[in-house]
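Trainee: Sequence:
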Amino acid sequence: RLHDSGCPHCVTDADHARILSNPISNLSAQDLERFAFKAGTTWGTADDFRRFLPRILELLPGELSELMDASIILSKLARFSWSTWPNEERVAIGRYLWALWEVVLGTDRWGSLTPEDLLEAYSGLFDDVSAFLDSWERNHGKAATVALARMVESHADELARNGRVARTYSQDADRTLVSQWLLAPAR
5 RLHDSGCPHC
15 VTDADHARIL
25 SNPISNLSAQ
35 DLERFAFKAG
45 TTWGTADDFR
55 RFLPRILELL
65 PGELSELMDA
75 SIILSKLARF
85 SWSTWPNEER
95 VAIGRYLWAL
105 WEVVLGTDRW
115 GSLTPEDLLE
125 AYSGLFDDVS
135 AFLDSWERNH
145 GKAATVALAR
155 MVESHADELA
165 RNGRVARTYS
175 QDADRTLVSQ
185 WLLAPAR
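Just so you know, my numbering puts the end of the sequence shown at 191, numbered straight through with nothing missing.
The set of hints was computed from the structure by calculation and includes no laboratory data. These figures come from a predicted structure and were not determined experimentally. Every residue, glycine too, gets a C-beta built ideally from N, C-alpha and C. Treat each hint with caution, since some may be false.
Label-pair restraints from in silico Cβ distances [to be verified]: (1) VAL95 / ALA170: 16 to 24 Å; (2) ALA170 / SER29: 52 to 60 Å; (3) GLY128 / ALA164: 26 to 34 Å; (4) ASP17 / THR149: 46 to 54 Å; (5) ASP131 / THR49: 20 to 28 Å; (6) GLY110 / THR16: 39 to 47 Å; (7) PRO189 / ARG165: 14 to 22 Å; (8) ASP161 / ASP17: 43 to 51 Å; (9) ARG83 / ALA170: 20 to 28 Å; (10) ASP112 / THR45: 32 to 40 Å; (11) PRO189 / ASP112: 23 to 31 Å.
Produce the entire structure from the sequences given, and follow the hints as far as they go.
Mentor: The following block contains the structure:
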């Protein structure tokens, strides 16, 4: 049972029934979309989110990222202070996020996720995104190169005009870091 928290106007009994009527491992992206979006704001506690998190993360690279922005889902980790969770959980999440990065960076299409989306989402989860930029720098595969070209193209005007990417990052220092990385002569 979910903890009795949440806005009764925003979350209905049918919403609760949808995610409680089956084992978590059988829930679809459509089943979890509403909870993943509302977790921490109008539905559920940190414990509720942690209960559903493994399935949410399992579905994130595919269907769930087609239904909602990955940065919304991943921002819930920061909302629920994942960096204070037990070490085993933090390590598992960190490994998952790195594996997700490597898969998205090395694949032409993995759901609707792009390396740029993940950089933005990871900005609020890690001290900075420099390790991810270093990983991208070392990856000379076609998918990583195409993603870089798309990112440069989407920010070309803003980079030329202001020397900064147009997207927002949880930490302004990451926005500066990404901007400088894109403007570096090696690229």
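Trainee: A separate judgement is required for each hint: does it hold in the structure or not?
Mentor: Now for the hints, and whether the structure bears them out:
1. VAL95 / ALA170: 16 to 24 Å: violated (34 Å)
2. ALA170 / SER29: 52 to 60 Å: violated (39 Å)
3. GLY128 / ALA164: 26 to 34 Å: holds (27 Å)
4. ASP17 / THR149: 46 to 54 Å: Holds: the Cβ-Cβ distance is about 50 Å, inside 46 to 54 Å.
5. ASP131 / THR49: 20 to 28 Å: holds (27 Å)
6. GLY110 / THR16: 39 to 47 Å: Given about 41 Å between the Cβ atoms, the range holds.
7. PRO189 / ARG165: 14 to 22 Å: holds (19 Å)
8. ASP161 / ASP17: 43 to 51 Å: holds (49 Å)
9. ARG83 / ALA170: 20 to 28 Å: This hint holds: roughly 25 Å between Cβ atoms.
10. ASP112 / THR45: 32 to 40 Å: holds (34 Å)
11. PRO189 / ASP112: 23 to 31 Å: 27 Å Cβ-Cβ, so the 23 to 31 Å window holds.
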